[in-house]
Each structure stands twice: as C-alpha cells, then as structure tokens.
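Colleague: Given chain A, work out where chains B and C should sit, using these hints.
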Amino acid sequence: MELTSLLGLGLALLLAPLLSGIINRVKAMVGGRKGVPLLQLYIDLGKLLRKGVVYSRTTTLFFRLSPLVSVAALVVALGLLPLGGWPSLIAFEGDLVLMVYLLGTVRLLTVLAALDTGSPFQGMGASREVQFAVLAEPAFFLAVLALARASGTWELAGVLGGTPLPGVTTILVAATLTAVLLCENSRIPVDDPNTHLELTMIHEVMVLDHSGPDLAMILYASSLKLWLYAAIMVGALLPVSTLPPAMVLPVWLAALFAVAVVVGLVESAMARLRLLHMPRLLAGAAILSLVAVFWG
Amino acid sequence: MNSVDLLLACMVLANVYLFLTSRIMVFVKVAAVQGAALGALSLLQHFSDLDARMAVMIVASTVVKAGLLPWFFARTVRDTGLKREVEPVVGFVLSSLLAAALLGLAVWIVGYLPLVTGSTMQRMVAVGLFTLFSGIFLCVARSSILSQAIGYLVLENGVFLVGMAYQGEAPVLVELGVLLAVAVAVFLMAVMIHSVRREYSSLDADRLRELRD
Amino acid sequence: MELWLLAVPTAGGLLAAAIRNASINRSILVAVALVHLVLVGVAWTLPLDPGGHWLGLDELGLLLLTGVSALFLPVAIYSVGYLARRSARHTATDSLFVTCMLFFLGTMTLVTVAQQFELLWVAVEATTLASAPLIYFHHSKHAVEATWKYLIICSVGIALALLGTVFLAVSASSGGIEGLSLSALTRDAASLQPTYLRLAFVLFVVGYGTKMGLAPMHTWLPDAHSEAPSPVSALLSGASLACAFLGILRVGQLCFAAGMGDLVQDVMLFLGMVSLVVAVVYIVGQKDFKRLLAYSSVEHMGLAAVGLSLGGSAVKFALLHVVGHAFVKGMAFLAAGNLLSAFHSKRVSQVTGAISVVPGTAVMWLAALFLLAGAPPGLLFITKLGILRSALDSGHIAVALLLALLLTLAFAGLAAAMLPMALGQRPELKPKEGDDGRQRQDNWLVLAPLVALAAMAVTLGLFLPDAAMQLLHKASSLLGGRP
Numbered sequence: 001m002e003l004t005s006l007l008g009l010g011l012a013l014l015l016a017p018l019l020s021g022i023i024n025r026v027k028a029m030v031g032g033r034k035g036v037p038l039l040q041l042y043i044d045l046g047k048l049l050r051k052g053v054v055y056s057r058t059t060t061l062f063f064r065l066s067p068l069v070s071v072a073a074l075v076v077a078l079g080l081l082p083l084g085g086w087p088s089l090i091a092f093e094g095d096l097v098l099m100v101y102l103l104g105t106v107r108l109l110t111v112l113a114a115l116d117t118g119s120p121f122q123g124m125g126a127s128r129e130v131q132f133a134v135l136a137e138p139a140f141f142l143a144v145l146a147l148a149r150a151s152g153t154w155e156l157a158g159v160l161g162g163t164p165l166p167g168v169t170t171i172l173v174a175a176t177l178t179a180v181l182l183c184e185n186s187r188i189p190v191d192d193p194n195t196h197l198e199l200t201m202i203h204e205v206m207v208l209d210h211s212g213p214d215l216a217m218i219l220y221a222s223s224l225k226l227w228l229y230a231a232i233m234v235g236a237l238l239p240v241s242t243l244p245p246a247m248v249l250p251v252w253l254a255a256l257f258a259v260a261v262v263v264g265l266v267e268s269a270m271a272r273l274r275l276l277h278m279p280r281l282l283a284g285a286a287i288l289s290l291v292a293v294f295w296g
Numbered sequence: 001m002n003s004v005d006l007l008l009a010c011m012v013l014a015n016v017y018l019f020l021t022s023r024i025m026v027f028v029k030v031a032a033v034q035g036a037a038l039g040a041l042s043l044l045q046h047f048s049d050l051d052a053r054m055a056v057m058i059v060a061s062t063v064v065k066a067g068l069l070p071w072f073f074a075r076t077v078r079d080t081g082l083k084r085e086v087e088p089v090v091g092f093v094l095s096s097l098l099a100a101a102l103l104g105l106a107v108w109i110v111g112y113l114p115l116v117t118g119s120t121m122q123r124m125v126a127v128g129l130f131t132l133f134s135g136i137f138l139c140v141a142r143s144s145i146l147s148q149a150i151g152y153l154v155l156e157n158g159v160f161l162v163g164m165a166y167q168g169e170a171p172v173l174v175e176l177g178v179l180l181a182v183a184v185a186v187f188l189m190a191v192m193i194h195s196v197r198r199e200y201s202s203l204d205a206d207r208l209r210e211l212r213d
Numbered sequence: 001m002e003l004w005l006l007a008v009p010t011a012g013g014l015l016a017a018a019i020r021n022a023s024i025n026r027s028i029l030v031a032v033a034l035v036h037l038v039l040v041g042v043a044w045t046l047p048l049d050p051g052g053h054w055l056g057l058d059e060l061g062l063l064l065l066t067g068v069s070a071l072f073l074p075v076a077i078y079s080v081g082y083l084a085r086r087s088a089r090h091t092a093t094d095s096l097f098v099t100c101m102l103f104f105l106g107t108m109t110l111v112t113v114a115q116q117f118e119l120l121w122v123a124v125e126a127t128t129l130a131s132a133p134l135i136y137f138h139h140s141k142h143a144v145e146a147t148w149k150y151l152i153i154c155s156v157g158i159a160l161a162l163l164g165t166v167f168l169a170v171s172a173s174s175g176g177i178e179g180l181s182l183s184a185l186t187r188d189a190a191s192l193q194p195t196y197l198r199l200a201f202v203l204f205v206v207g208y209g210t211k212m213g214l215a216p217m218h219t220w221l222p223d224a225h226s227e228a229p230s231p232v233s234a235l236l237s238g239a240s241l242a243c244a245f246l247g248i249l250r251v252g253q254l255c256f257a258a259g260m261g262d263l264v265q266d267v268m269l270f271l272g273m274v275s276l277v278v279a280v281v282y283i284v285g286q287k288d289f290k291r292l293l294a295y296s297s298v299e300h301m302g303l304a305a306v307g308l309s310l311g312g313s314a315v316k317f318a319l320l321h322v323v324g325h326a327f328v329k330g331m332a333f334l335a336a337g338n339l340l341s342a343f344h345s346k347r348v349s350q351v352t353g354a355i356s357v358v359p360g361t362a363v364m365w366l367a368a369l370f371l372l373a374g375a376p377p378g379l380l381f382i383t384k385l386g387i388l389r390s391a392l393d394s395g396h397i398a399v400a401l402l403l404a405l406l407l408t409l410a411f412a413g414l415a416a417a418m419l420p421m422a423l424g425q426r427p428e429l430k431p432k433e434g435d436d437g438r439q440r441q442d443n444w445l446v447l448a449p450l451v452a453l454a455a456m457a458v459t460l461g462l463f464l465p466d467a468a469m470q471l472l473h474k475a476s477s478l479l480g481g482r483p
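Protein chains in written order, with my numbering: chain A, 1 to 296; chain B, 1 to 213; chain C, 1 to 483.
Each hint should be verified, as a subset may be incorrect.
[Stated by the list, open to error] Using C-beta positions, here's what the derived DEER-type ranges look like:
| id | chain 1 | residue 1 | chain 2 | residue 2 | range |
| --- | --- | --- | --- | --- | --- |
| 1 | C | Thr195 | B | Val140 | 26 to 34 Å |
| 2 | C | Leu423 | B | Asp204 | 40 to 48 Å |
| 3 | B | Ile109 | A | Pro37 | 57 to 65 Å |
| 4 | B | Pro88 | C | Ala467 | 57 to 65 Å |
| 5 | B | Leu94 | C | Leu423 | 52 to 60 Å |
| 6 | A | Ala269 | B | Met25 | 44 to 52 Å |
| 7 | C | Asp262 | B | Leu173 | 31 to 39 Å |
| 8 | A | Gln40 | B | Leu105 | 51 to 59 Å |
| 9 | C | Ser191 | B | Tyr112 | 17 to 25 Å |
| 10 | B | Pro88 | A | Gln131 | 15 to 23 Å |
[What the hints assert, rightly or not] Computed footprint of chain C on chain B, listed as stretches where at least three residues anywhere in the stretch have a Cβ under 8 Å from a Cβ of chain C:
| id | region |
| --- | --- |
| 11 | 106-119 |
| 12 | 143-149 |
These aren't lab readings, by the way, just hints derived from the structure by calculation.
Every residue gets a Cβ at the ideal spot worked out from N, C-alpha and C, and that includes glycine.
Just chain A, with the same shape it has in the complex (with noise of 0.2 Å):
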C-alpha cells in the first residue's frame, strides 16, 4: 500500500463531483449562458447531508441498502485502477474481472430499489437500465479485450497502464469507450440528465423517491463513476509512461477533465437518441472493438 496511490483514490473522492460541474458549466458556455458555479454538486451534496430522509412504506432493505453499496462499491472499485499514473491501491490477477462486478453490483442494487418502490415509473427505468447493460457491457468487454491484446496482459495494471498503442486501436478502442461511458453514465445521446418527463427518463426516474442523505450518497456515486470511467479511458489511451514522472499527474487529471469538456459538447451538440437507435450506437460501437480485436 504506498502513499501515492492513497494520494490517487483521495484524490479522485475529492474531486469527483467537480467533473459534473465542469460539464454543466461547458454546457452553459456554448449555450451563451453563464451556467451554475463549477462546485454546485458540493454545495448540493452538503445541502442534501443535512436534510432529512422520507422512506416510502413499500420500501425494504434493498432500498436503504443501495446508496450506501453504491458508494462503497465504486470506492473499492477506483481503488482497483491506477490513478494518476501512480499503482492502484490493490492490484492481482483478475481485478479486471472483479472491477466489472462491482460495477455490476451497483447496477443491480439501483435496479432492485427502483423495484423496490413498486413504482411503474421506476419499474419502466429500471427495465430500459438493464437494456441498455446488456449491450454496453459486451461493448466494454470487447474494448478491454481489444487492450489486453494489444497490452499483453489481463491485469488493470497492464491495460490501463499507459502503454503507447498502434494508432488505429486506441481510434476504435476510444470510439467504443465513449460510447459506453456516454451510456453507463446516463450522458445524452442515451439518457438525458436534465429531463424529468416520465417517458423519458432512464436514470433518473430509477433515482426518484430517494431523499436526503440517500439522494447525497446516489448522487456522489454517480460522479465517482463518471470519475471511474474517465479514469478508464485516460488510463487506457494516455500514453503515461512515455511522459516524464513529474508531469504525469497534471497531464492525467488534464486529460481526466478534457473528457469531461468532451462529454459537456458533446451534450450540447447532440440531442437524446430514440430509443429505437440506441441498440445501433451500442452494437456500432461493440463491433469497431471487435475490429480492433482483429486488429492485433
């Protein structure tokens, strides 16, 4: 257990809400409007600690137990990756394996709550959530494959080690991981973050009946993936260990927020897919990494 790589995990804990500012507030930029301050998500964070909590009578365990599995789940998980260039916290053979469970646990304890109301509209959520899991999740097997292949090895470590890749691949790999990333973390073009129309809300609508602390700690999770993911993807296509020690931190948590800005124009530019044409983007995005499975 070194240091750095507590300094890495503290890090992306601290940090991990501003990604949703930086987001929003390029959103507001190319809107021409000057947007909320970059640190609103801690001031709701504090504001929602302090409230009180409502549970629904329909509610059980599963429902007071899926914040707080969510956070600690993505905490273990982030623990998992190499941040910052520097080692993870804990790393073996096949903590890529258990990374993607953890991530499953998540999804399945929302999913479960969002059952757990016996609300339709949470039912409806959490029925297009699994939907689109079961096509995001080969799409981001197959990007993994395709780094392994190329990396030689199975472990985080080496997949997201920074190593420099052939051009094509980390094209086709980083197309498939944006595509995901978009999807997992409920980003336009799968899921808009700022609807509440019953019909149309994926993510949010599983989020609904939560209060207070609860809402905090769903909302603290959601960034901590969002960190995650990008995590992903900077480790995987940053060629870090080219770079000069010294430099490798700030240009890591450069890149971290440039796909955060990506993700913002993203946003602004692309309206919410139907959901008809989501399969396409998944299956689209599943086969250029298998093309660059092939590839190696």
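Modeller: Chains B and C alone, transformed into the frame defined by chain A:
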C-alpha cells in the same frame, strides 16, 4: 501507425457500416470511400516505382471507382425517387452479428492461407476478403436491386484489394480491361434498374418473382 | 488469324451500330456470320500454334469455336426472318440487335482464342455484357426481370472467378512463372503452388459454372433463356454455355498438368450430377416450352461435366457433346421461336397440333426432340452412349445407372411436353389483332437454318472427319482423357 494500416482500418469500418445501416445513399457513399481508399493504397504501394503509365492507371481507376460509378448510382437513386430506407431481409441484430462473424471468418481464412507473410499483408487480404463478404451480404440481405448492384461493386473492390495484397503486377492493359468490364456492367445495371422501376413501379427485389416454375 | 477472327465481328458490330437501315443491318449480320465461318474453316487447315502469349488457337479452342461459329450462321439467317416478321409495335431497332449479336460473336470468339487467363476473364464478362441487351430485346416486364437476374447473378459469379484468377496469379508467381499465359503455366505446372491452384479451381468452377448453368448456380438460366428472343436463346444455350465451359476446362488443363486431376474430376462429378437431378426435376411437368428447353440445357451441361469427370474416353465424348448440343439446342430454340410466333403463347398447353398449322416447324420440333434425347443417328447419340459406356468401363457403375435413369426421365419429360405440341388435336386459332395469315406461316428463312442444323448434327453423328477426331483426341488428352 502507418498510412496503409489507417486506410485498411477505414475500409473495414466502412464495410461494417454497410451492415449496420439500411439507407441506400450510405451504401453509395461507402462504395465511394472504398474506391478512394483503394486508390490511395495502390498509390502507396507503387510509390517507389511510379511511372507515367502506372500513375495514369491508378488515377483512372480511382476516378472510376470513387467518382464515376458512385455518382452513377447516386443519380439512379435520385431519379428513381426510391425512399431511402431499404427493407432489410436480415434484421439489425442479425446483421451486426453477421458482420462480426464474417470479419472473424476472413481473419480465420487468412490464417490458413500459405504465402501470406507480414502483418500488413495479412491485414490486406483479410480486409479484402471481408469486403468481398460484405458485397455478397449486400446482394443477398437487402431487398432492393440497387443494393444488389452496389453489392457487386463492393465485391469487385474486395477482389481488387486481395489482388493488391499479393502485389501482383497485372499488365496495365488487363487492369484497364477489368475496369472497363466493371464500369460497363454497372452502366448496364443502372439502365436495367430504370427499366425495372418502369415495369414494376418498385425497386424491391422481392417483387421480381413472376418468372417461376 | 486470331486477329481476323476477332476483327471481323467487331468491325461488323460497329458498322451496324452506325447504320440505321434495317435491311442493310440484317445483311451485315449474315455476311459477317458467313465470313467468320469461312475463317474458322481456314483455321482448320492451318497448323495450330498456341504459343502466343495473349491470343492463340489451340485444339480445344478451335473445337468450341467451330461449334459457336457453325451455330451462329444459321441463327443469323433465322434472325433475318425473325426480325422481318415482328410486329410494328416493337420499338427496339434492328441496329441494336445486330450490333449486340455481332459483339456477342466477337466476345465468344475472344473466349476461345484467349491464351491468357486475365484476358479470358474479360472475355467471359464481355459475353455477359454483350448478351444482356439482347435478352432485354422485347422490353416486356418478364424480359426486364430475366435480364436483371442474368446480369446480377452472372456478374457476381464472374467476379468470384476474378478472385480465382488472382489466386492463380499468386500460385504462378510463387512458382516463379511470369504472367498468366496458358502455355507458360502448363509447361511449368509442377511448380504451381498447390493450395492456391486448388482455390483458384474451385473459384473458377463456381464463377464460370454460374455462366455455364451448373446447378446450384443456374437460377438465372431458365428465366433468361426463355424470355430472350429465340435466336438469342439459341445462341445462349448453344454457344455461350460452351464458352463458359471452356473457362473451366482451361483451369482444368492446368490442374491435370499439375497432377491435381482428381480434384477436377471430383468437383465436376458432383456438380454434374446435381445439375442433372435439378434439371430432371424441373423438366418433368414443365408448362413453358422455352423453359423446358432451358432446363434441358442444364441437363446437357451437367452431362458434359460428368463426362469430363469420368476421364478416359469419356472426355472426348463430353467435348463432342458440347458441340453437338450447340447444334441441336440451337435448332430446338429456333423451332420454338416459330411455334411462338404461330401460336403467340409459350405455354405447352396452348400449343397443340402444330403439324396442321406450321408443318415444317412441327417436323423440326419432333426432330429436335429425338436428337436431344440422343436418338441415332444424331451426334448426341454417339456422345451419350460414349459417356455411359465409359462410366461402365471405368467401374463407375452407380454413376452409369444414375445417368441412365436421369436421362430417361428427362426424355420422358421432354416427350410428354413436346409430342402433343407437334401432333395432337388441331387447335382453334383465334386471329389476333393486326395479324394476317402471313405471319403464322413459315418462310424459308426461318426453316432452312433448322434443317441445316439438324443436318449437321446427323451428319456428324454418322461420320466424324479424321481431322476432327485428331483434334478431339489431342484436346481430351490435356484433360485427363485417353483415346
């Protein structure tokens, strides 16, 4: 990353796009992109020993494959007023799975072929075979006769790419002959497409079933 | 010599394209056909020297070229009568017809004289392109459909043959052979890379086999051959299928020279038998007599493929069969054309008692039936019997039995349809609009060619000239045959 790999990647992605879309204008554009990529590839291959005849040949074939023939098809699409979407015989999910399977098949076949040395050559032959399969897919799995004609063009592009991979030096006259044959075939196909539209009022290949036992 | 053989039809075609006058065009057609046949006759007297790099006439080529040219002249004469009596509603010009016919002849000639594989490919594709407008000649709805299927299926098939040519080039260059000329490749056949040669052969069979009408790639054939104008159908069935077969034979030559004759024989046996079975299935109970003849072509091509596969003495019979089929099928289609214009229907049920309406044609129709079935003294009798005997002699008993069964069934199917058409009850013919009795009668222009073709088939069946026998032996020895 060298430019040959980049061009080959472009071709693969263009082919994959053929499987995922059902709009005819996209087919035409993909065929044009393929023609351009083939021209660039042949230029790169013969860069060191380029002489006037070869240069003329490359330019001529690129102009025909990337410009003339796709333009012909685009005009046919516009003239026939075909609605852009084609009824797929094979649905979206199956098409994407087929794309993956055919790509895998092409790579697998290359593994079994002797005389294919070096990763660049392997990639070229694999991409060429995949293009060939994509052409056949377009002929079979999309129900418009325009798709069949464009599938033929894509198929020829695939054969051409495989030929290029083995660095065969075909005499210029023969290459011109092949090009001319393909161009005339496409021209005749375009004429027939107009006739089919006139007689059947539709470009759906499923309607062409009147001759039967 | 080869250049003359090519130049004459091409020049004729260009001339016909430029001239609008219908009767001049028809004369050009007949004149070119005559000159072409004369040139082919001269070629028989010259020593065969296929050493040329690009063009050259060897035994195999001369054999098939003779078939093509000897069929073309009667068809040309028939076409004059055919064009003269079609109705005024018909808009396509004689000029287009003659031009395409002459280009068709020129491209088929190119297939037979091509000594280089890439040129062979261009030639076969060119025959497809030259004949497509001919199939479309009537501009009817069905003709459009038939032409489309012909164009797309044959082009896709021939594109696969192009891949085969590429693989052949790879095979050659890895063996250190320069270029793709037939003579160079056969000379150094032992150094051809085997895997690629095998791949090339299979692709050639699939590609050129599509054009030849081997099942299961034959699906365009019944449509195209039945919707085309009858003289065109005669050429397609008689000549074009033979030229496609030549494509397969060329690569087969290489395989035999490289010691891979087994592959050739196995593949051709399989495809030949499949074609025979498919053809018989569709011949029995066929309701359209032109489609009937088309499926009969599939049957005969299947038989030729089987003959090739049996080796030994069957090979020369297979080659002779292709030539004989050209004459007999050509005659059958021309007779069908006469019946069509007399009865205005392609359905077997609507054509009966032709003997009382168009007696000359009816007699020829019956003659075609018997010649096709292989009755003596026709040429096809010799060839079918020869192939059957070869099968028995070489121990392929099962093949021989199957062949006998299938050929009998095919004859039964053909007879069941064709006999009532010629004999049978005198029909009630309602006069059609704009039809005078003159159109129903046959003039000498549409009868003489049939008689000529029948005479050729019978004469050759009775007496095959020595020069022809020598040619056959030489050609078949290149394909695994023995005298």
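Colleague: Which of the listed hints are broken here?
Modeller: 6
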